[in-house]
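K.L.:
Sequence:
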Amino acid sequence: MEVVTGAMSTLLPKLGSMLKDEYNLHRKVRGEILFLTAELERMEAALIEVSEAPIDHPPSKLVKLWAKDVKDLSYEIEDSVDKFMVHLDGRAEEKAQSFMGFIHRSIDLLTRAKTRHKIGTEVKHIKRRIQEVSARRDRYKVDKAVEKPVVTSVDSLRLSALYKKETELVGTEEKIQELVETMTEEADEASKQQLKIVSIAGFGGLGKTTLANAVYQKLKSQFDCGAFVSVSLNPNIEKIFKNILHQLDKHNYSNINEAVWGEAQLISELRDFLLNKRYFIVIDDIWNISVWKTIKHAFIENRCGSRIIITTRILDVAKQVGSVYDLKPLSPIDSRKLFHQRIFGIEDKYPPTQLAEVSENILKRCSGVPLAIVTTASMLASKRGNDWPKVYQSMGSEPQDSSDMQDMRRVLSVSYYDLPAHLKTCLLFISVYPEDYTIVAEDLIWQWIGQGFVQEEHGKSLYEVGEEYFAQLINKSLIQPVDIGSGNKASACRVHDMVLDLITSLSSEENFLITVGGLQPVSASSKIHRLSVQNRNEDDLKKLATMSLSHVRSVFVFGQDISLLPALSSFPVIRALDLSYCLNVDNHHVKIMCNLLHLRYLRLCNTSITEIPEEIGNLQFLQVLDISQTGIEVLPPQFVRLTQLVYLHIDRRTKLPDQFGDLKSLQDFPVIPTVTSPSMLHDVGKLTKLRNLLISFDEWNESYEEPFCRCLSNLVNLKTIKIIGAHLGLDSGSDYLLPRPRYIQTIHLINNINCALPRWMSSLSCLSFLTIHGLRTLRVEDLQVLGSIPSLSYLDIWVVEPTQERQDRLLIDSGHPFLCLTTLKVASRVMELRFAQGATQKLQTLKLRFSARQTLYQFGDLDFGLENVSSLEHVYVGRWSKPEPGEVEAVEAAVREALGMNPNQPTLEFSKWR
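First residue of the sequence shown? That's 3 in the numbering used here, and the numbers climb one at a time after it.
Rather than coming from a laboratory, the hints here were simulated on the basis of the structure. Glycine is no exception: its CB is placed at the ideal position from the N, C-alpha and C atoms. Among the hints, a few may not be true.
[To be verified] Distance windows between CB atoms, simulated: (1) Gly633 x Tyr352: 46 to 56 Å; (2) Asn753 x Lys16: 40 to 50 Å; (3) Glu466 x Glu260: 28 to 38 Å.
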């Protein structure tokens, strides 16, 4: 919410906490705080209303200035409140019962008394500031100030897409043909008669409306009637229905706009009209699935072969509506053609040699977005050649002299202004990253959390809420998913250049974030709240040296030399600091960081630091800490005072202090150092909020068995666990595993060579992803456990020793149902499994690795029952060892024969077989 309401969302709870008895504030001061809270709550509500103004009717300049004053004031107040909380909450632990201990406690009491007096004085000052801002609102009649509507509305901009000349549809010919084929081709006559709905999905400016209209114009003559209507962000449903009726029959519905009909009557009229007609309807720019559901009621499924196209920026809407056509940007070749045609009037005319490089740079910045190419080229067409480099430089800073560029930005802005306040903040923060950067989802989510952008929700961890934010931004087509893995989750994202331009510009306008060396020129704002340093541009760094940094809350540096930056002590209220991969960050800098008492987020991975000083205990508010891939070997005893840590990433070789189990807020501890004692297991078991855990053993000791099982049973909130080298620990003492980590979704068991499969695993109702590398032998009992895991969808097993005396294969049948299994990977020297008829009814991907020679020696055949798995789509077969002569042919013949009898006709691929 921060970009909308400043620091209000975090400030108001802090003011409330100051009223608690433990702070022992004077009654009059408590009354003043209550007044401040009430006044700030009203201001927060007003700021939210300002943020919700329609894009075509933005707030007036007076309103914007007042909103800026309120947000700046909220930051200042929170800084003051945090300073007091640091002094009152962040004091050193009580000293021992000695004379010096008495002296320390006496000094502490005097200090706290002075602090309370200062609070009273500061509260009075804050009250005066709030009253000034409120008076300014009344004096200038801010509420009554109305901005003139923008000349070109977003809806009117869509009209230009409907009236493109055919020569302007560069790069869409192939897409038009693909979509036409999707709309018209069906497997049989019965399918052709059914109503078919196709969604065109993609972010603003890609040409969804243009493509839909081109297909509509190409096909509408094949239908009895048709209509093309735009819905947009805030639709008038009755007006849309009347528009459709008018287009369907202009003669009979010539006066439909004068009719006083409600939604129900209009829907009934449309259904009656379309009853026996083959119709073609395009619904452009759907934003909400509930709107689509209402509109869809009007379109009767009459088995006349009717077709509907919808366009949307929202992926979830597209998926729920029907078949999805994911619109991609133009190729570089088509981008060039469109660019040249718009400037010179023909595709095959090129810029002069001296402009070739800058034109390619401009096209790269446009990234294949037709709207960006057309608007930029239109502007260049009226400029001299020596102005082109200036245009390129201005593309990242929203040139004000081009109405075309402003119109383009307005189209892209609609998606931003449609976001709820908390997602606006999260999206604008992404402008902290350089252009063309692959952003790791986990890093980004923890950065959001460390800065207070993620709000707690009942029953969910902060990280889970952050994951939902990330998914929603993908769904809105504002970030692009990268590396989509299991569960259809993206592990990273990228931001389209045009979207990055937009959010960088908005970040600068809102004084949300200043970038050194990015797309925007550095402006010396009076109060900088966030700083991103992206390159070593000397001019920008010189400007940075002249700026006031006392209000900076976040600093993110991308691979620079820290010696080029201002001193860390220049940031007295900093809350987030990321110096990962920075040069020359050493132990001296860490000592300074330990005095930055407001820190919530600190990332120092891949730096040269080798030790953490005992002053680390000063950082009482630290929530996120990453000191992985450094030279740190041991953490000091004072480290356990960081009781607000929710994320900690260290190296496996780093030694934890005794009693690290006191870090009870930890939710994510991706790497715990190798276990060397039962007491370590006892401490891990106290971290009951942990969601993710990697735990390893170099050697197994019998004294570990009971504490290990108790540790696992205590970690009831685990979602993911990776256990390396537990050996006998997993299947022993299973009675101790009560309660169980019932929310666990992913388990990796690695190098647990002597383990049998633990029986308690079948009771893990949420477990969907299981890897077992090092199962001693595969037994009937193991199959019973695995097949009974109710939600298991992915299973990867490596069997160490096949059962040599086994004469019949283990049969996967109804006794081992594997109800949800979609992917199975089995590696064993001897393939001991066979599928019975009707088993594993959801299995789609099967990967087998084995020795054909040894399997034939033990069982006499290569019959795995693959013909019985009717849902199977893909089979991969890999070798265990170098094949003997004729072995390849035998395996290929046997597997192909089985798959030839499979009704689903799965594909077959041999991996590293020959």
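K.L.:
Hint by hint, say whether it matches the structure.
P.N.:
Now for the hints, and whether the structure bears them out:
1. Gly633 x Tyr352: 46 to 56 Å: Check passed, 55 Å falls within 46 to 56 Å.
2. Asn753 x Lys16: 40 to 50 Å: holds (47 Å)
3. Glu466 x Glu260: 28 to 38 Å: violated (53 Å)
Hint 3 from the earlier list is the only one contradicted by this structure; the remaining hints agree with it.
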